[in-house]
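Given the sequences, and given the hints that come with them, work out the whole structure.
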Amino acid sequence: MRAMAAALGICATFLAVSVVHAQSRNSDKPAAGAAPKYDPAVYAELQKAPEKARRRANPLQNDPDAVAAGAILFEQHCAECHGHSAEGSRKAPSLLAPEVQSATPGTLFWLVTNGVVRKKMPVWSKLPEPQRWQLVRYIQSLAGAAPAAENPAPKP
Amino acid sequence: MASFSRVVLLGFFILSVLSIFSPPPASTQENPYFVAYDHYLEEPGNLEIEYFSTFGTQRNGNDFHAYWAEFEYGATAWWTTEFYLEGQTTFNDSTIFTGFRWENRFRPLKREHFINPVLYFEYENKNGADKILKEGEGHDVESDFLVSNAQARREHIHEIELKLILSSTFKGWNFTENTLAAKNLANAPWEFGYALGASRPLALKAAAHRCTLCPQNFIGGVEMYGGLGDRHSFGLHDTSHYLAPVLGWNLPSGWTLRISPGFGLNDNSHQFLLRWGVSREITGFGSMVSRLFGGRK
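First to last, the protein sequences are chains A and B. Residue 82 in this note's numbering sits at position 82 of the first sequence, with consecutive numbering throughout. Residue 93 in this note's numbering sits at position 93 of the second sequence, with consecutive numbering throughout.
Just so you know, the hints here were simulated from the structure itself, not pulled from any lab data. Predicted model, so just to flag it, every value in this text is computed and none were measured. Here a beta-carbon is modelled for each residue, glycine too, at the ideal position from N, C-alpha and C. Be aware that one or more of the hints could be misleading.
[Said to hold, decoys possible] Under the rule of at most 25 Å between Cα atoms (straight-line distance), these lysine to any residue pairs were calculated in the SDA-like manner:
1) B:K110 / A:V42
2) B:K171 / A:V42
3) A:K91 / B:E72
4) A:K91 / A:R55
5) A:K91 / B:R291
6) A:K52 / B:R291
7) B:K110 / A:R55
8) A:K91 / B:S290
9) A:K48 / B:F293
10) A:K119 / B:H158
11) A:K91 / B:K183
12) A:K48 / B:E82
13) A:K120 / B:P117
14) A:K119 / B:K183
15) A:K120 / B:G286
16) A:K120 / B:A181
17) A:K48 / B:K110
18) A:K91 / B:S167
19) A:K120 / B:E82
20) A:K119 / B:F293
21) B:K110 / A:T104
22) B:K110 / A:V116
23) A:K91 / B:F121
24) A:K48 / B:A186
25) A:K48 / B:K183
26) B:K171 / A:Q61
27) B:K183 / B:E112
28) A:K91 / A:P105
29) A:K120 / B:R291
30) A:K119 / B:A75
31) B:K110 / A:Y43
32) A:K120 / B:K183
[Stated by the list, open to error] In silico contact screen, one side only, chain A against chain B (beta carbon under 8 Å); selected entries:
33) A68
34) A69
35) I72
36) L73
37) P98
38) E99
39) V117
40) R118
See below:
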């Protein structure tokens, strides 16, 4: 009987969480006017890319579908943390910041591939290499898309 | 206990139906394996709810249908923890709950390498009627399953299981090799096993439009697994081995479907296993729970 109660409890918990999830999903977005998270330490990870990785060119740079495909991949895998417009959220920094937008395609590819595991950014090498390049192409297409890129929030 | 397992399954069914009506979660890119593990962990803060079935044929006995539910949570980018509930139905016998497992996977290295290790630790609290065949270990063979549920469930098993997962990704292919060591804490010898897997998406580039049937949403592959004996008699004798093609379909709606027909490779193995599974990822689960308790995680 106790086991049954425990199982029912588990089910009820997950049911409740699903409902709360449905209600609160939009609250992950930063409030209008709120500064996106700006963490220089995270952007500093870009500086750790090896020279060989930095120099890699995006093989899909001239692929006319790369931005559109990258946008879909971004929405599927990245928007949850980085925001639907890459503006950043409490979970992850803005990708519109100059540090990101001025990085080479190879640097961004290296970061997407390796993640920042100790700082909650997962490894994304599970996406095939062409998809990671499509993501990079999309992220770099956002240059100048938002004021946050020019004026990152100050260090908290 | 039969009613217990029905209650558990009903709960998961309701949960699945409910999640249909929740907003679409982020699409996932799940591997198609049932037994082998690759080095990719759950994204931090995400919860994946999974249901799996194994139908197995049994020579000189009753075929069975075993099932389990998994709750897989990304605690950090380097630690994933999972809780399992499992049960089984043996035809012409009974339906019973067979136990639970708590599994943890740790990624020790910060960056991606040609071979990526993951350390795995699992505690199992189950009875002898467990038939989910989630791993091949020791001298487990088909004839072990001839025992009736009423008799098998009397055996209570506390077991720890350790795995070293070595996984590589090369030109879109994933290759993984899992080595397993398991010990029943009731003074039984260490048992060993293995699992190998290879898989690849049907297309490496993503389409420029949303689609359900695009080839990049399908991942095909094969896995092989079996036992390697125990500390006193290590080797392939009196062990079972399986070869199983696997296919995963990652739907844009966030659901993942998997199917795998498995074939026994020797006389100690079940001749045929059919596995299938369905899973869905809830993104931001950790933040949601945190907010419930007033946090801003």
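_Run through the hints listed earlier and report the numbers of any the structure violates, in increasing order._
2, 4, 6, 9, 10, 11, 12, 14, 16, 18, 23, 24, 25, 27, 32, 37 and 38
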